[in-house]
Amino acid sequence: MAGSDPVEWYYVGVDVGTASVRAALVTREGQVKTTAEEMVTIWKPHSDHYVQSSIDIWAKCCSTVRVVQRNQVRGVGFDATCSLVVLDQNFQPIEYSNTVECSQNVVMWMDHRAAEQAARITSTGHRVLSRVGGVMSPEMQPPKLLWLKENLRATCWRDAAHFLDLPDFLSWKATASLARSLCTVVCKWTYCPTEKWDTSFWTAIGLEDLLENDHSKIGNVTCCPGSPVGEGLTQEAAAELGLDTGTAVGASLIDAHAGGLGVIGADVRGFSLPCEDQPITSRMAMICGTSSCHMAISQGPLFVPGVWGPYLSGMVPELWLNEGGQSATGSLIDHVVKGHVAYPQLQEQAVKGGEHIYTYLNRHLSSMAKDLGAPLELLASSLHVWPDFHGNRSPLADPTLRGAVVGLPLSQTLDDLALLYLATVQALALGTQHILEAMTQAGHDITTLFLCGGLSKNPLYVQIHANATGLPLVLPAQTEAVLVGAAVLGACASHDYSSILEAMEKMAKVGKVVQPDHELWR
1 MAGSDPVEWY
11 YVGVDVGTAS
21 VRAALVTREG
31 QVKTTAEEMV
41 TIWKPHSDHY
51 VQSSIDIWAK
61 CCSTVRVVQR
71 NQVRGVGFDA
81 TCSLVVLDQN
91 FQPIEYSNTV
101 ECSQNVVMWM
111 DHRAAEQAAR
121 ITSTGHRVLS
131 RVGGVMSPEM
141 QPPKLLWLKE
151 NLRATCWRDA
161 AHFLDLPDFL
171 SWKATASLAR
181 SLCTVVCKWT
191 YCPTEKWDTS
201 FWTAIGLEDL
211 LENDHSKIGN
221 VTCCPGSPVG
231 EGLTQEAAAE
241 LGLDTGTAVG
251 ASLIDAHAGG
261 LGVIGADVRG
271 FSLPCEDQPI
281 TSRMAMICGT
291 SSCHMAISQG
301 PLFVPGVWGP
311 YLSGMVPELW
321 LNEGGQSATG
331 SLIDHVVKGH
341 VAYPQLQEQA
351 VKGGEHIYTY
361 LNRHLSSMAK
371 DLGAPLELLA
381 SSLHVWPDFH
391 GNRSPLADPT
401 LRGAVVGLPL
411 SQTLDDLALL
421 YLATVQALAL
431 GTQHILEAMT
441 QAGHDITTLF
451 LCGGLSKNPL
461 YVQIHANATG
471 LPLVLPAQTE
481 AVLVGAAVLG
491 ACASHDYSSI
501 LEAMEKMAKV
511 GKVVQPDHEL
521 WR
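Quick note, the sequence shown lines up with residues 1 to 522 if you use UniProt numbering.
Be aware that a few hints might be false.
[To be verified] Restraint ranges, calculated between C-beta atoms of paired labels, are given here: (1) Gly242 <-> Ser499: 27 to 37 angstroms; (2) Arg66 <-> Gly511: 26 to 36 angstroms; (3) Leu410 <-> Ala204: 46 to 56 angstroms; (4) Arg153 <-> Asp334: 34 to 44 angstroms; (5) Cys192 <-> Ala374: 45 to 55 angstroms; (6) Gln72 <-> Cys192: 38 to 48 angstroms; (7) Leu410 <-> His215: 58 to 68 angstroms.
[To be verified] 30 angstroms max Cα-Cα, derived DSBU-like pairs, lysine-lysine: (8) Lys370 <-> Lys506; (9) Lys217 <-> Lys196; (10) Lys509 <-> Lys33; (11) Lys352 <-> Lys457; (12) Lys33 <-> Lys512; (13) Lys149 <-> Lys217; (14) Lys506 <-> Lys33; (15) Lys457 <-> Lys509; (16) Lys512 <-> Lys370; (17) Lys33 <-> Lys370.
Simulated from the structure, these hints should not be mistaken for lab results.
Heads up, the beta-carbon is just placed ideally off N, CA and C, and yes, glycines get one too.
Input sequences plus hints: build the corresponding full structure.
Structure (structure tokens):
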């Protein structure tokens with residue numbers, strides 16, 4: 001580092017979300033200089049089956065990084081959805097479905113094909129379930145693995161040599177190291193940093209064959225998020241990414257957890273927030289996009305019924321993580337709005353005004369409230385949405401639940417669409433409050449919410465969440481907080497920062513504070 005000018009140090013953050021791959025060039029101070037994005041393909045061969053291709057995903061990682069890269073890149077960090085990747089002994093993709101399409105060897109996080117297997121695992125009552133809120137979710141890897149064994153034993157299961165979470169697949173592609181991040185194996189595979197793999201659990205659920213060869217198929221080397229992986233970029237990966245061989249690569253994170261790093265550690269001095277001069281455990285990160293995750297950390301383990309965790313070092317090394325969530329948030333809002341008969345009219349009006357459809361809907365609701373002389377939030381008081389269209393992740397932890405709408409009129413006007421949109425957003429906000437209540441009852445003391453993700457850019461969604469929870473909401477200065485969180489991993493791996501906590505404080509910045517509207521309820 002001698003002779004280097006810190007101003008010129010950069011890190012690349014790569015975020016593999018549900019539908020796209022994004023890369024960003026980020027400075028040492030957390031400023032996003034440039035970004036690139038490419039869509040990835042999602043196949044849905046059957047109901048509740050969602051698959052992708054690791055070849056497609058890695059190709060998009062390479063092409064986006066090549067767009068943003070600079071010569072002074074000192075570290076790279078990857079985050080991705082908690083999807084399951086299967087490779088054979090030659091590290092080639094093994095497909096989940098009988099198809100001639102591009103190798104579909106990634107079962108996505110939102111794939112619920114293993115709901116029955118998840119229920120059977122829950123029925124065992126095994127002690128590891130205490131670390132996932134008492135209920136095994138079909139979005140975790142053990143039920144997916146059990147489904148593969150029971151349904152594709154003679155093909156996929158027989159030939160598989162490596163099962164990896166998608167974030168770990170990316171760090172392997174970059175470094176050739178099979179070391180797993182504690183974020184993935186602790187949060188989605190039931191691994192415990194102090195006790196390692198619980199062999200009795202895998203035996204009890206019928207996956208004892210994964211114990212062979214010192215757990216080689218599911219990983220026997222782990223490291224904390226942000227730790228240097230291998231010897232950095234291999235020559236092959238460096239050429240594909242357009243970076244230098246040996247560039248540091250940080251142990252990866254699940255995408256929502258990267259969002260947590262990108263916001264939760266920000267320096268809040270000067271904003272008069274209740275979490276100022278309080279431990280970081282008084283904060284909760286809420287990463288809201290296609291789905292939403294609610295990240296709360298604690299000094300010791302807190303067991304919250306229906307909420308995942310406690311996970312040691314699942315997001316911040318040496319701290320415990322509880323992870324609540326909603327399986328469909330942005331996707332639910334899109335589903336409700338785009339499925340309404342007045343949606344074409346909405347599109348027409350938005351295009352005419354040069355606005356995004358949700359910008360138009362927010363403005364339309366404000367006009368309705370002004371015309372009626374009523375608070376906007378009370379416009380949908382006779383319309384009620386139960387938002388669990390894709391099951392309830394937290395705190396009811398019931399993937400079989402389905403959504404409902406009560407109070408629909410016979411009319412199907414643009415006003416009706418706007419009110420249904422409002423009621424859906426309110427339902428999601430009350431779901432967040434439900435999760436907060438469960439966490440509080442278990443011992444968390446959360447005073448401030450830190451938001452990031454696509455929905456955090458919707459001012460109506462943000463304000464309604466502030467009102468529903470009664471807490472101030474902090475929005476990041478950089479709208480691409482997930483990419484900043486991924487870059488934090490690269491900064492730590494390069495040793496430019498001594499810890500995740502230091503990097504978070506220096507690279508995460510407060511942009512805006514949204515206070516709850518207490519007058520509304522007086």
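Taking the hints in turn, this is what the structure says about them:
1. Gly242 <-> Ser499: 27 to 37 angstroms: 29 angstroms, holds
2. Arg66 <-> Gly511: 26 to 36 angstroms: 29 angstroms, holds
3. Leu410 <-> Ala204: 46 to 56 angstroms: Since the Cβ atoms of Leu410 and Ala204 sit about 53 angstroms apart, the hinted range of 46 to 56 angstroms holds.
4. Arg153 <-> Asp334: 34 to 44 angstroms: At roughly 37 angstroms between Cβ atoms, Asp334 and Arg153 fall inside 34 to 44 angstroms, so the hint holds.
5. Cys192 <-> Ala374: 45 to 55 angstroms: 52 angstroms, holds
6. Gln72 <-> Cys192: 38 to 48 angstroms: Taking Cβ atoms as reference, Gln72 and Cys192 lie about 39 angstroms apart, which means the hint holds.
7. Leu410 <-> His215: 58 to 68 angstroms: About 59 angstroms separates the Cβ atoms of Leu410 and His215, which means 58 to 68 angstroms holds.
8. Lys370 <-> Lys506: 43 angstroms, violated
9. Lys217 <-> Lys196: 15 angstroms, holds
10. Lys509 <-> Lys33: 15 angstroms, holds
11. Lys352 <-> Lys457: 22 angstroms, holds
12. Lys33 <-> Lys512: 20 angstroms, holds
13. Lys149 <-> Lys217: 14 angstroms, holds
14. Lys506 <-> Lys33: OK: Lys506 and Lys33 at ~16 angstroms, within 30 angstroms.
15. Lys457 <-> Lys509: 16 angstroms, holds
16. Lys512 <-> Lys370: With a Cα-Cα distance of about 26 angstroms, the restraint between Lys512 and Lys370 holds, given a limit of 30 angstroms.
17. Lys33 <-> Lys370: 41 angstroms, violated
Figure legend: structure checked against the earlier numbered hints; hints not met, in rising order: 8 and 17.
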